[in-house]
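Q: Residue-level listing of the chains:
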Amino acid sequence: MAKMTLDQLRKLRESKQDDIKRRATEGKEGQIIIGMGTCGIAAGAKIVLDEFLDQFEKRGITNISVTQTGCMGLCSVEPTLEVIMPNMPNIIYGNVDKATVDKIVEDHIINKKLVNDHVIDRPASDIVGDK
Amino acid sequence: MHRYLTDYILDITQNAFEANSNHVWLKISEVDRYFRFSIRDDGKGMDQDELTMVLDPYYTDGIKHSKRKVGLGIPFLAQATKETNSRFGITSTVGKGTEVHSSFDLCNVDTPPIGDIPGTLLALMSNPQANWFECEREIKTVKGTSSYTVNKDELIEVLGNLENASNLILLRDFLRNQEDSLKDYYVKRQLIF
Numbered sequence: 001m002a003k004m005t006l007d008q009l010r011k012l013r014e015s016k017q018d019d020i021k022r023r024a025t026e027g028k029e030g031q032i033i034i035g036m037g038t039c040g041i042a043a044g045a046k047i048v049l050d051e052f053l054d055q056f057e058k059r060g061i062t063n064i065s066v067t068q069t070g071c072m073g074l075c076s077v078e079p080t081l082e083v084i085m086p087n088m089p090n091i092i093y094g095n096v097d098k099a100t101v102d103k104i105v106e107d108h109i110i111n112k113k114l115v116n117d118h119v120i121d122r123p124a125s126d127i128v129g130d131k
Numbered sequence: 132m133h134r135y136l137t138d139y140i141l142d143i144t145q146n147a148f149e150a151n152s153n154h155v156w157l158k159i160s161e162v163d164r165y166f167r168f169s170i171r172d173d174g175k176g177m178d179q180d181e182l183t184m185v186l187d188p189y190y191t192d193g194i195k196h197s198k199r200k201v202g203l204g205i206p207f208l209a210q211a212t213k214e215t216n217s218r219f220g221i222t223s224t225v226g227k228g229t230e231v232h233s234s235f236d237l238c239n240v241d242t243p244p245i246g247d248i249p250g251t252l253l254a255l256m257s258n259p260q261a262n263w264f265e266c267e268r269e270i271k272t273v274k275g276t277s278s279y280t281v282n283k284d285e286l287i288e289v290l291g292n293l294e295n296a297s298n299l300i301l302l303r304d305f306l307r308n309q310e311d312s313l314k315d316y317y318v319k320r321q322l323i324f
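Chains S and R, in that order, are what the protein sequence lines are. Residues in the first sequence are numbered from 1 upward in steps of one, following this note's numbering. Residues in the second sequence are numbered from 132 upward in steps of one, following this note's numbering.
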């Protein structure tokens, strides 16, 4: 297979850039931060990152940024991620797998509803202790 | 044990990003039956005592998680190499940087599968903690030799930021294409029990 050059990538981006502009979005950006510490990686955080990109590609969502952080201190419920959307509280989700990613995209990002079963409170209970 | 060899690469390379480094070099090379990788940084480095302690699964400098004892990913890698009759080494100089290298025997029945190299590079390239980062991926088998190199600065220059979802999708396509260009040299290996 022929290897793509950086110049070809640049041209591809320029052509996609027009698509992005054509698609009138709300103009408000959301952010997803995925925990990629040793614990996150072992639990499948990379699969989660991949699934987000698949979903965004499928649904034509472009105004979201996807970044990573290290361990969020919630190793027992990895993979974890935080979703920051305008006009919504910042939410940490835990025990996230591919199906949960689909739900987060559909419910949280598109329909502005929380995926209650996976909402996690911080700090973790072992640090707070029983009150 | 991590599920894939690439998970170790992801894990250990992040240590390099977090070591106050300006440059991080990753080399992944598949030579005959061996899968090798080396991760080099020009960060703060470690002294001899600390080098011994990083092999303790519960050793940490206590800065990142002040109320817990959680270790670096290195003991995880050390354990995996031990269990698969593979090799692992770490060298470091205070103020100069650290190099972790490993060589896995792909014919050992206990060696995890290689895993998703483009996906791993995507996660590393888009890691906000990485400053200058370059990865060289090489394959040498009976079918021949080939390689590619990806550099974070060059990718940012072409794509813009590596956070926006549509830029990341393009980056993923690009990285998958780079790896696909090596497919002609992949070989099926006989496991040794």
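Quick caveat, the hints were computed from the structure, so don't treat them as lab data. Heads up, some of the hints might be wrong.
Claimed, not checked - Lysine-lysine pairs mimicking DSBU-like chemistry, simulated, CA-CA at most 35 Å apart:
hint, chain 1, residue 1, chain 2, residue 2
1, S, Lys-113, R, Lys-271
2, R, Lys-158, S, Lys-16
3, S, Lys-98, R, Lys-314
4, R, Lys-213, S, Lys-11
5, R, Lys-283, S, Lys-98
6, R, Lys-271, S, Lys-11
7, R, Lys-227, S, Lys-58
8, R, Lys-274, R, Lys-175
9, R, Lys-213, S, Lys-16
10, R, Lys-158, S, Lys-11
11, S, Lys-16, R, Lys-314
12, S, Lys-103, R, Lys-283
13, S, Lys-3, R, Lys-271
14, S, Lys-113, R, Lys-319
15, S, Lys-58, R, Lys-213
16, S, Lys-112, R, Lys-314
17, R, Lys-158, S, Lys-58
18, R, Lys-227, S, Lys-98
19, R, Lys-319, S, Lys-98
20, R, Lys-314, S, Lys-113
21, S, Lys-112, R, Lys-213
Q: The structure should be examined with respect to each hint, and the outcome stated for every one.
A: To see whether the hints hold, each was checked on the structure:
| no. | hint | in the structure |
| --- | --- | --- |
| 1 | Lys-113/S - Lys-271/R | 51 Å, violated |
| 2 | Lys-158/R - Lys-16/S | 31 Å, holds |
| 3 | Lys-98/S - Lys-314/R | 27 Å, holds |
| 4 | Lys-213/R - Lys-11/S | 46 Å, violated |
| 5 | Lys-283/R - Lys-98/S | 28 Å, holds |
| 6 | Lys-271/R - Lys-11/S | 31 Å, holds |
| 7 | Lys-227/R - Lys-58/S | 45 Å, violated |
| 8 | Lys-274/R - Lys-175/R | 41 Å, violated |
| 9 | Lys-213/R - Lys-16/S | 47 Å, violated |
| 10 | Lys-158/R - Lys-11/S | 28 Å, holds |
| 11 | Lys-16/S - Lys-314/R | 27 Å, holds |
| 12 | Lys-103/S - Lys-283/R | 32 Å, holds |
| 13 | Lys-3/S - Lys-271/R | 17 Å, holds |
| 14 | Lys-113/S - Lys-319/R | 47 Å, violated |
| 15 | Lys-58/S - Lys-213/R | 42 Å, violated |
| 16 | Lys-112/S - Lys-314/R | 42 Å, violated |
| 17 | Lys-158/R - Lys-58/S | 33 Å, holds |
| 18 | Lys-227/R - Lys-98/S | 41 Å, violated |
| 19 | Lys-319/R - Lys-98/S | 29 Å, holds |
| 20 | Lys-314/R - Lys-113/S | 43 Å, violated |
| 21 | Lys-112/S - Lys-213/R | 48 Å, violated |
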